[in-house]
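**Student:** Add chain H to chain Y, keeping to what the hints say.
The listed protein sequences correspond, in order, to chains Y and H. Residues in the first sequence are numbered from 33 upward in steps of one, following my numbering. Residues in the second sequence are numbered from 10 upward in steps of one, following my numbering.
Hint data in this document are derived by calculation from the structure and do not stem from the laboratory. Mixed in with the good hints, there may be bad ones.
Stated by the list, open to error - Per the computed footprint, the stretches of chain Y lying under chain H, defined by three or more beta-carbons under 8 Å from a beta-carbon of chain H, are:
# : region
1 : 72-81
2 : 117-128
Unchecked claim - Partial list, derived from the structure: chain H residues whose beta carbon lies under 8 Å from chain Y:
# : residue
3 : Q51
4 : F99
5 : G110
6 : K111
7 : F114
8 : G117
Virtual Cβ for every residue (Gly too), placed ideally from N, Cα, C.
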Amino acid sequence: NAGVTQTPKFRVLKTGQSMTLLCAQDMNHEYMYWYRQDPGMGLRLIHYSVGEGTTAKGEVPDGYNVSRLKKQNFLLGLESAAPSQTSVYFCASSYSTPSVTEAFFGQGTRLTVV
Amino acid sequence: AQSVTQPDIHITVSEGASLELRCNYSYGATPYLFWYVQSPGQGLQLLLKYFSGDTLVQGIKGFEAEFKRSQSSFNLRKPSVHWSDAAEYFCAVGMTTDSWGKLQFGAGTQVVVTP
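Bound-form chain Y, shown alone:
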């Protein structure tokens, strides 16, 4: 049982390049989330989705876009990467709201923008 899988695990981008981070879950969860983790700041919510075809902005959405075309996948896009987007990105999913049911996290994607 894979749980939440993030692809890729590591990436180095040049400023201005674009990329897409993929999150896939095999638990039939409705809710999916993208967080970024920075030293001393914990995890901050970028975007989230409460179902296929629906997305919403979180605390730090600027510079990112997301799509949820299939229930099991949640994509995070960087259109024009900036050094400030150097971070570790975590995807999470839950059956219902994480306040009620457990959120499961992927292992993270370490992104460096040079």
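**Tutor:** This is chain H only, laid out in the frame that chain Y set:
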């Protein structure tokens, strides 16, 4: 605005000693409260959660946490630490008024276990 504070950035504890990690929150009502653990190179794993009821909550791996409404705190404890408990620990808050279940995380406490 809501906030979650973990006052200790880094804690060093000897193996076999007790551990207590502090978490304070600022919120207009009693929120949902969580503790997560992140082992090196891994994602976050839920240790325990509090929604209502008994203010002493038992979790996995021998951890427990106590909710104190008067102090707006949800401190995590373990009586005897094992080397495998070396990790980063995050307190998180879910707002009861948020139907989409977003969580707000503290900055984390790094725990180092010495022999």
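**Student:** Work down the list of hints and note, for each, if the structure agrees.
**Tutor:** Hints versus structure:
Only residues whose beta carbon comes within less than 8 Å of a beta carbon in chain H count, and the region 72-81 of chain Y has 7; three or more means the coverage holds. With 4 residues having a beta carbon nearer than 8 Å to a beta carbon of chain H, the region 117-128 of chain Y meets the requirement of three or more and the stated coverage holds. With 8 Å as the threshold, the beta carbon of H/Q51 comes within range of chain Y, its nearest partner Cβ sitting at about 6 Å, so the hint holds. Hint on H/F99 holds. Least Cβ distance to chain Y is approximately 6 Å, under the 8 Å limit.
For H/G110, the interface hint holds, since its Cβ comes within 8 Å of a Cβ in chain Y; the closest pair sits about 2 Å apart. About 6 Å separates the beta-carbon of H/K111 from the nearest beta-carbon of chain Y, less than 8 Å, and the hint is met. Contact between H/F114 and chain Y, as hinted, is supported at the beta carbon level, the nearest pair being about 4 Å apart and thus within 8 Å. Because the closest C-beta pair between H/G117 and chain Y is about 5 Å apart, less than 8 Å, the hint holds.
Hint violations for this structure: none, all hints satisfied.
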